[in-house]
Amino acid sequence: MNRIYISSIILTISCFSVFSQKYPSDTIEKKRILVNPARIVEDFYKAYTASLLSDPHSSRLDMEKYLTKRLIEKTERVLAATGADPIIRAQDFNETAFETLKVEPLESNWYMVSYRWNMNDGGSNKSIPLKVALVNGNYMIDYITPEWNGPLYGDTLLCKDIPQHTVDNSNPQSMLETFFAAYTCLYGNMPEGLASQLKTLRDKHLTPKAKDLFEEAVNKHKSDGLLNYDLLIDNFDFDCLWISSMTYTALTENSFQVSYTQGISVKVIVVTLIAFDGRYKIDTIRINKQV
Numbered sequence: 001m002n003r004i005y006i007s008s009i010i011l012t013i014s015c016f017s018v019f020s021q022k023y024p025s026d027t028i029e030k031k032r033i034l035v036n037p038a039r040i041v042e043d044f045y046k047a048y049t050a051s052l053l054s055d056p057h058s059s060r061l062d063m064e065k066y067l068t069k070r071l072i073e074k075t076e077r078v079l080a081a082t083g084a085d086p087i088i089r090a091q092d093f094n095e096t097a098f099e100t101l102k103v104e105p106l107e108s109n110w111y112m113v114s115y116r117w118n119m120n121d122g123g124s125n126k127s128i129p130l131k132v133a134l135v136n137g138n139y140m141i142d143y144i145t146p147e148w149n150g151p152l153y154g155d156t157l158l159c160k161d162i163p164q165h166t167v168d169n170s171n172p173q174s175m176l177e178t179f180f181a182a183y184t185c186l187y188g189n190m191p192e193g194l195a196s197q198l199k200t201l202r203d204k205h206l207t208p209k210a211k212d213l214f215e216e217a218v219n220k221h222k223s224d225g226l227l228n229y230d231l232l233i234d235n236f237d238f239d240c241l242w243i244s245s246m247t248y249t250a251l252t253e254n255s256f257q258v259s260y261t262q263g264i265s266v267k268v269i270v271v272t273l274i275a276f277d278g279r280y281k282i283d284t285i286r287i288n289k290q291v
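Residue numbers for the sequence shown follow our numbering, beginning at 1 and rising by one.
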C-alpha cells in the first residue's frame, strides 16, 4: 500500500479538503444554511470531490461543518482498513465522476450517493449509502456505510441497540468473553473519542506485558504509514455486524483463540490470561495467520 497516498488522504479527512476557484467555495458554504438534508449531502460531496480534482493551495472546506466528529474518526479507521477513501470508496476521482455525482433519498434520513467513473462503462458505478442526523440544529452526515458492507443501509448498521457490557474477571473464560464483548461493542457504538475509551479498557484489563505487545504492533504499522491498528482485533476498525460471528475456543485453561469473520476472511487472535493483582487479565496477544 502506498504510504504517501494513505498519509495524504488521512490529512484530507482529518483536517480540510482543498479546492480551486474552478469550483468556488462561497456558493457551497452559503448553501450550508439550508435545512434540506439531501442538499447538505450534495453540497458536501460536490465540495469534497472538487478538492480532489483541484489545486491544493486554494480555499479550504472545514470537514467538521458537514461530518460529525465521530464520523471523521471512523473514516480514518476505514481508510486504514481498506486503503481507499471511504467518502468516495476510491483512491482518486475524475471529471466524469464529478459530473455524474448525484444524491437520492432512501428512508429515515438515509441517502445514496452515486457516481460513474467511466461514462461508457456501467460497471464503473459507485454507490455509497450514508445517514444524516440533526446535530445542534444542523443536519450533518453521521455515518457512511463502509465499503465492506456494500449497498447496505438502515439504522441496524448504527448498532444503537448493542448493550453495554461489564467485564467479569473472576475466571479466565468469563473475563475473555466479557472483555471482548465490551471492547467490540465500543467500536460498534462509534462514540466520539473512541481511541481513548478503548485505551481505558486496555489499561484496566491488560498486563504491562500485553500493553507492550499492543504498542509494538501499533508502532510497526505506524512506521508503514498506517494508523489506528488494533492488535486485539487484528484490524483498524470493527463493524458491529461482525459481533455475531465471534467465537471463543479454549486451547488450555488460560489460553484462548478468539475469531471472527470479516467478509470471506477470518481473523484469529490467540490470547493468554493470568491472575494479576487478584483479577484475571490478558497477558499475551498474538495473531494466527494460518487461517
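Quick caveat, the hints were computed from the structure, so don't treat them as lab data.
Do not take every clue at face value.
Unchecked claim - Below, a list of computed lysine to aspartate or glutamate pairs in the DMTMM-like style, where the Cα atoms sit at most 20 Å apart: (1) LYS204 / GLU177; (2) LYS46 / GLU99; (3) LYS267 / GLU147.
Values in this document were obtained by computation on a predicted structure and should not be read as measured data.
Okay, the hints, checked on the actual structure:
With a C-alpha separation of about 15 Å, the suggested pairing of LYS204 with GLU177 holds against the 20 Å cut-off. Taking the CA atoms of LYS46 and GLU99, the gap is near 9 Å; set against the 20 Å cutoff, the hint holds. Annotation: proposed proximity of LYS267 to GLU147 holds, straight-line Cα distance about 18 Å (limit 20 Å).
Checked against the numbered hints above, the structure breaks none of them.
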